[in-house]
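> Here are the chains, one letter per residue:
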Amino acid sequence: MDKILRVKMGAKPEYSVEPMGEYAGLGGRAFTSKVIFSEVPPLCHPLGIENKLAIAPGLMSGSAAAISGRISVGCKSPLTGGIKEANAGGQAAQVLARIGFGGIILEGESPDGKLYTLVVKKDEVSIVPADDITGLNNYDTVEKLVATYGEKCAYMTIGTAGERKYANSSIACSDVELRPTRHAGRGGVGAVMAAKGIKAIVLDDAGCSMRKPAHPEAFKAANKEFVEGIRKHPVSGQGLPAYGTNVLTNVINEAGGYPTNNFNSGQFAGAAKISGETQAETETSRGGRATHGCHRGCVINCSGTFVDKDGNYVSKQPEYETVWSHGGNCGIDDLDAIARMDRMDDDFGVDTIEMGATIGVAMEAGLAKFGDADGAIKLLKEVGEGTPLGRLLGSGAAATAKAFGIEKAPVVKGQAMPAYDPRPIQGIGVTYATSPQGADHTAGYAIATNILKVGGFVDPLKPQGQVELSRNLQIATAAIDSTGMCLFIAFPVLDQPETFNAFIDVINAFYDMKMTADDVTALGKNILTWEREFNKAAGFTAAHDRLPMYFTREKLAPHNATFDVTDKELDEVFNW
Amino acid sequence: MRFIGEGDWDGPQLSAWMQSGVHVALQEGETVYAFICRVLSMDRAAVAAEIQTLILNNGCVDNPESQVLGSGDTLVLSGAMPGLVGAMLRSDSPIKAMRQGLTPGDRRRDPDAPGMLRLKLFNTVLRDHRADLLRCGFYIDEDNA
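One line per chain: the protein sequences are A and B, in this order.
Following this note's numbering, the numbering of the first sequence begins with 1 at its first residue and continues without gaps.
Following this note's numbering, the numbering of the second sequence begins with 1001 at its first residue and continues without gaps.
So here's chain A without its partners, still in its complex pose (with noise of 0.2 Å):
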């Protein structure tokens, strides 16, 4: 991971590689955001020849480190207008890694609207013309790619969302069976790659091996009880494997916390026939799998494989934001349903926080009704279509809420808010309001900061806790995001100090460091800074780190609660 690609698409499509310069040792989100942060215009358009789009593994991504599979995808985002990051499991991580690549840069423009296939091998690159798929959605796309390439490499591909260049479409990686199931989903950062011109890119690490360790010994009996550790946690170890992330339903229904129809109330009489137990049973039952792992080398297997009554597949296990988006944010209690539509969403390109919440914006629009099924598979069919409608569908929820005249969109910065409320949950409003990347639920996810008095030690019983909290979270998040570990490790660092210990060491016997809690501190504070510097540069000010209104003011049942998080505290997160 000593060189960058950086790929030139004009009339005549070119590339180099180069050495990492000022980027060596940034990987995942911390290179995205640099690169953005350092060659983006921030005032350009997202869809314009001064865009680019920053594609990176993480640091550890390639190696025999376990569940370090992630790979960042940055851009100037078409959804929000700023900085974005968006990463994904499946295999793209491992073998772009493996290949010798610390990131891909695209930039530059389609050729006459054309697009193209970049090919990727150890001593080889190629860009050809992609006029075989452009056109097909994703599933179509990877059968065609496999079928000329092999079974062997990676692939990441757009579907027609984007093509159409939708402000909501995705970039998909496939995952260990090939299937394009795995998203860099949110920001409408497919578009940005449609309007660079490429279509497609093949990872092939044929004749590469996995990246060694400086220390291999060390690296060896590091990476052995981090394993472990994860392994005996009951949440990474028991509670993920068993029931996937949709196991979060039940628990956030009874809270009071869970968004039901477009935000309106705050429990969803549904749940329990969406939940990840009764998933995980219809799973079994129907010959599927509950327990599943999204790349190589993942040692929690978190993900499943949904089937229809006759056994057939339909789906990769829907994640719980998907089974919440398309569920009871619709008033939708059907696995199946929500099953095809996670199919839609992959195979179109699209990410599915922000389809579900759009489609449950159409909903108090009238488009359809609450608990429609049939009704919000005919608004995502236009979508996949490219009917005038399904564009509009395309763009997010905030765009399809000022078209329709609704107040209610549920977004920050343009995107989203994932499955929980902030109104009774009000520290996640502090993230969803304050995070550069818009309404995000995984941008203050590691939570082992507090714990380990990563980024300052704060007193948990203070009423202004949740603010310090969310600062701290935000800055280990965006180093965790640079290493290509999942975030789900968070939990067993948290209540295992010999874990944390395991995972620092894993790092350091890699790369041959000494790295502190301060050196993560630093890190997560630099690529928060060159976040927030890139945004504000972009046009946002304090007014954009800010609740959609309606949050303070309309009560949320059963609690009855409003964000009251003030202006002044919010403006406080980033104060360092």
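In short, the hints are calculated from the structure, not lab data.
All residues carry an ideal CB built from backbone N, CA and C; glycine is no exception.
Check before you lean on any hint, since a few could be wrong.
[Said to hold, decoys possible] Listed next, with one range per pair, are the computed distances between beta-carbon atoms:
#1 B:Asp1143 to A:Lys220: 31 to 39 Å
#2 B:Arg1135 to A:Gly270: 28 to 36 Å
#3 A:Asp336 to B:Glu1142: 36 to 44 Å
#4 B:Glu1065 to A:Glu533: 46 to 54 Å
[Claimed, not checked] Incomplete in silico selection of chain A near chain B, CB under 10 Å:
#5 Ala242
#6 Glu254
#7 Ser265
#8 Ser275
#9 Ile425
#10 Gln426
#11 Ile428
#12 His441
#13 Asp495
#14 Gln496
#15 Ile504
[As the list claims (entries may be wrong)] Covered by chain B, per the in silico footprint, the following chain A stretches (three or more residues, Cβ under 8 Å):
#16 467-480
#17 551-565
Using the hints provided, position chain B relative to the given structure of chain A.
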């Protein structure tokens, strides 16, 4: 209401009942912790290891050893949850400041089930302790029978 005990039922229906809530008899002045130990045949170490998320009347329970239960309460028992919010919801979570408003609400009196609470088991607790709850015995609404 209909009584369900050991040997009466098993299978998916049992899971659905326990997720949606079954009525279990309370003892006078019983705390959350004492109730769990009695009904699910658990000791202190097992409760700490297996039941990290406790929700009473839609609010988080941070002090199960002193929180007293009453007739008409709804109690949820769950393993540790993933995600930032999942971490917040854990009993006595170090980041509980982020869910300050999520305190147990007023119990809802249930005239059909005096002296009982509605108990819901989720995820690993449901998987690992359904037999214990069957052994203890519980009631379901006739509508669900």
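> Need the list of violated hint numbers for this structure, in ascending order.
1, 3, 7, 14 and 15
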